[in-house]
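Novice: The UniProt record's numbering numbers the first residue of the sequence shown as 1 and each following residue consecutively.
Everything labelled a hint here was simulated from the structure, so no lab data went into it. Take every hint as true, because none was put in to throw you off.
With a Cα cut of at most 30 Å, we get these calculated DSS-like pairs of lysine-lysine:
#, residue 1, residue 2
1, 194, 123
2, 194, 95
3, 95, 123
4, 186, 258
5, 258, 243
6, 139, 186
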Amino acid sequence: MSTAEYQAEPIEDNVGVVSNMHLEPSGDGRSNSHLHDDPTSQLPTAAATTPSKTETITFLTLPVEMRLEVYELLLVNRSNETAQGWETVGTTNQKKIPLDEAQPGQDQGLEPAILRTCKQIYKEARSVLYSRNAFIIAKPREAHYTIMKCMERDALSSIKTMHLWVSYASQSAPDYVPVYANAAEKHQWFKLLKTIRNKATGLRHLEIALDANIEAAWSRGWASAACRGHLGGKSMFKHVLRKIQGLESFVLRGYYAKDWPEYFEEHVGIPVQGVRGLGCAFDRHVRIYYYGDKKDPELAHLLRDKENELFDSFQQRNSIM
Numbered sequence: 001m002s003t004a005e006y007q008a009e010p011i012e013d014n015v016g017v018v019s020n021m022h023l024e025p026s027g028d029g030r031s032n033s034h035l036h037d038d039p040t041s042q043l044p045t046a047a048a049t050t051p052s053k054t055e056t057i058t059f060l061t062l063p064v065e066m067r068l069e070v071y072e073l074l075l076v077n078r079s080n081e082t083a084q085g086w087e088t089v090g091t092t093n094q095k096k097i098p099l100d101e102a103q104p105g106q107d108q109g110l111e112p113a114i115l116r117t118c119k120q121i122y123k124e125a126r127s128v129l130y131s132r133n134a135f136i137i138a139k140p141r142e143a144h145y146t147i148m149k150c151m152e153r154d155a156l157s158s159i160k161t162m163h164l165w166v167s168y169a170s171q172s173a174p175d176y177v178p179v180y181a182n183a184a185e186k187h188q189w190f191k192l193l194k195t196i197r198n199k200a201t202g203l204r205h206l207e208i209a210l211d212a213n214i215e216a217a218w219s220r221g222w223a224s225a226a227c228r229g230h231l232g233g234k235s236m237f238k239h240v241l242r243k244i245q246g247l248e249s250f251v252l253r254g255y256y257a258k259d260w261p262e263y264f265e266e267h268v269g270i271p272v273q274g275v276r277g278l279g280c281a282f283d284r285h286v287r288i289y290y291y292g293d294k295k296d297p298e299l300a301h302l303l304r305d306k307e308n309e310l311f312d313s314f315q316q317r318n319s320i321m
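Could you build the full structure based on these sequences and the hints that come with them?
Specialist: Written out as structure tokens, the structure is:
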């Protein structure tokens with residue numbers, strides 16, 4: 001069933017989810033996170049929902065564990081195949097949900113109709129929707145609008161897993177066109193990060209990929225190309241990030257200043273995983289040669305060696321201030 005069938009509508013008591021998943025329960029029902037958190041802690045126990053011999057069996061009389069499995073099938077974004085890439089969660093078949101689209105979750109394989117059945121089901125399913133999915137942001141301006149205008153007030157605090165793709169390029173530039181982000185566009189990242197810091201109180205798993213203009217770096221060198229317009233060496237960007245508290249895991253990908261992992265470990269209080277040069281534009285080209293139609297392992301390894309040289313050069317030009 002397509003999610004496009006369910007349009008946004010006003011919800012009493014500010015009950016809703018993002019945009020096209022902003023659906024109102026139709027009845028009262030029975031009153032009563034990251035990807036591995038257990039949302040059953042505040043829900044009725046299996047014993048409390050076991051039907052008596054004379055009671056009609058309904059969805060709400062099923063054990064809560066069974067209901068949660070149904071919610072997972074309907075509301076966690078998965079594909080039929082295990083893929084590799086920035087759009088997937090690790091090497092699983094789970095796909096990230098863009099939070100910078102006008103209607104997050106649209107065409108993502110989700111079935112949000114169950115959120116409309118009753119208030120109890122809405123509360124149970126909503127927890128799964130936000131805590132079990134991983135959300136990705138590549139366009140800070142659009143994401144900030146979605147968070148502030150299209151989501152209920154406490155929705156951001158329910159998100160446990162977030163991935164940020166910080167590109168060197170302008171948001172208005174076509175794909176693969178090296179038009180560098182201007183000051184106003186960079187400011188949108190600072191604005192978004194401050195909102196995440198203040199409102200995403202349930203955030204436990206954060207991954208950030210800092211992209212760079214690899215093609216230009218090959219032809220013109222880091223000083224005039226890859227470092228230009230890049231936030232991976234900016235102290236202001238670093239200072240905002242360090243104030244995000246409560247994290248259980250923190251991954252840095254791509255191009256960042258040499259001392260960033262150590263710096264964040266000190267201020268965030270957890271080990272920080274640094275993945276050099278992966279997850280960004282260059283990695284897409286490597287996957288094309290190694291996994292795609294142009295499969296060429298020898299060339300892929302050659303590209304990887306070249307990328308390592310560029311990464312070292314980038315870190316030599318950028319240090320914590």
